[in-house]
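Asks: This is what each chain is made of:
Protein chains: 2
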Amino acid sequence: MKELSEQLQETLHHEIPLTVALGLTVASYDGLALELHAPLTSNINHKATAFAGSLNAVATLSGWGIVWCILKEAGIAAKIVIQDSQINYLLPVAADFAAVCARPESAQVSRFKKMLLKRGLARLELRAEIREGGQPAVTFRGRYVAQLVK
Amino acid sequence: MKELSEQLQETLHHEIPLTVALGLTVASYDGLALELHAPLTSNINHKATAFAGSLNAVATLSGWGIVWCILKEAGIAAKIVIQDSQINYLLPVAADFAAVCARPESAQVSRFKKMLLKRGLARLELRAEIREGGQPAVTFRGRYVAQLVK
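If you read the protein sequences in the order shown, they are chains A and B. If you count by the working numbering, then the first sequence holds residues 3 to 152, one letter each, in order. If you count by the working numbering, then the second sequence holds residues 3 to 152, one letter each, in order.
Worth double-checking, as some hints may not be accurate.
It does not matter which identical chain is meant; a pair holds if it fits inside one copy or across any two.
Using 20 Å as the maximum straight-line C-alpha spacing, the simulated SDA-like pairs for lysine to any residue come out as follows [said to hold, decoys possible]:
id : residue 1 : residue 2
1  : Lys152    : Leu73
2  : Lys81     : Ile46
3  : Lys116    : Pro106
4  : Lys49     : His15
5  : Lys152    : Cys71
6  : Lys49     : Leu123
7  : Lys115    : Leu150
8  : Lys81     : His48
9  : Lys49     : Arg145
10 : Lys116    : Gln149
11 : Lys49     : Thr13
12 : Lys81     : Ala96
13 : Lys152    : His48
14 : Lys74     : Gln110
15 : Lys49     : Glu12
16 : Lys74     : His48
17 : Lys116    : Ile82
18 : Lys81     : Lys116
19 : Lys4      : Leu73
20 : Lys49     : Ile82
The hints are simulated quantities; they were obtained by calculation from the structure and are not laboratory data. All of these numbers come straight from a predicted model, not from anything done at the bench.
Input sequences plus hints: build the corresponding full structure.
Replies: As C-alpha cells, this is what we get:
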C-alpha cells in the first residue's frame, strides 16, 4: 500500500491542477505533522522572493492535507473545505520553502471525528508555519469544515 | 500612453510568473476600483469550484494592484508587500471569477502618500470581494506596506 503522503500528493496534483504549477510536493507525514514543499522558481516574485499568494496556497493546502490524512486514517469519506483563514507575512522567503502543519492533539482529533460521524459536519482549526533561516516567516491559521459523504 | 490597467497586467505577468498560470487578467481600473479576472479552468478543484488558494491569490493581487495604481498615479516609486490578511470563503465559486478591490477614500489615500513621502514607509488596509451570482462569495482584508525606493 502506498504511503499516505504519496497518496495525498497524487490527490492534490489530480484534483487541484494549480498544485502542479506551484511545484507542490508532499515531503512527509509522520502522523504528527504534514510538510509540503514548493520551489522558489515556480513561485517567485519581482523581489526574488516567494509570492504571498503562493505562500498562502501552500499553507492552505497543508491544513487541508492534515484533515485529509486524519479522515483517510479513520476510513471516513468526507469532503473538506476551508471556511476562513488569517495569515501573517513576517519575513520574505528567498529560497525553496516548506509549510508545516501540525496534527492537533488526539483529544481534539477525536472530538472532530465524533462530531463528524454524529452530525455529518465538523470543524477543525489548524495552524501552519513556513520558516526561513530558522525563523518563522509565515504564520497561518485556518478553519476547515468536513462534510460526511453518504 | 498605455492604460494603467494594461501596464499593471504586464507588470504582474512579468514580475510574478504564477499569475500566468492563474490566467489572471486586469479587467478594469476606473480610479475607484480595480477588477481582476481569472478563469475557473486554471483554478479548478476537485469539487469543480475554484481552489481557495487561487481565490486568495487573486484577492491578494487586487489589493496589491490598487496600491500599485495609487503610487503610479502619484509618480511615487516604492516597493509594495503584503503584511497580513484575513479571508472568508462564504460560498463556493463555480464559474470564472472577479476580485474587486475598492480604492480607499481620498483622505485615506492622501494620508498614505504623505506618510510614505515623509517616513519612507506607509501602510494601507484594503478590502476586496469576489461575488458569485450576485452574492459575496469571498471577503478579504489585507494590510499592505509600501517602502519608498530612494
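Asks: Enumerate the violated hints, using their earlier numbering and listing them in ascending order.
Replies: none
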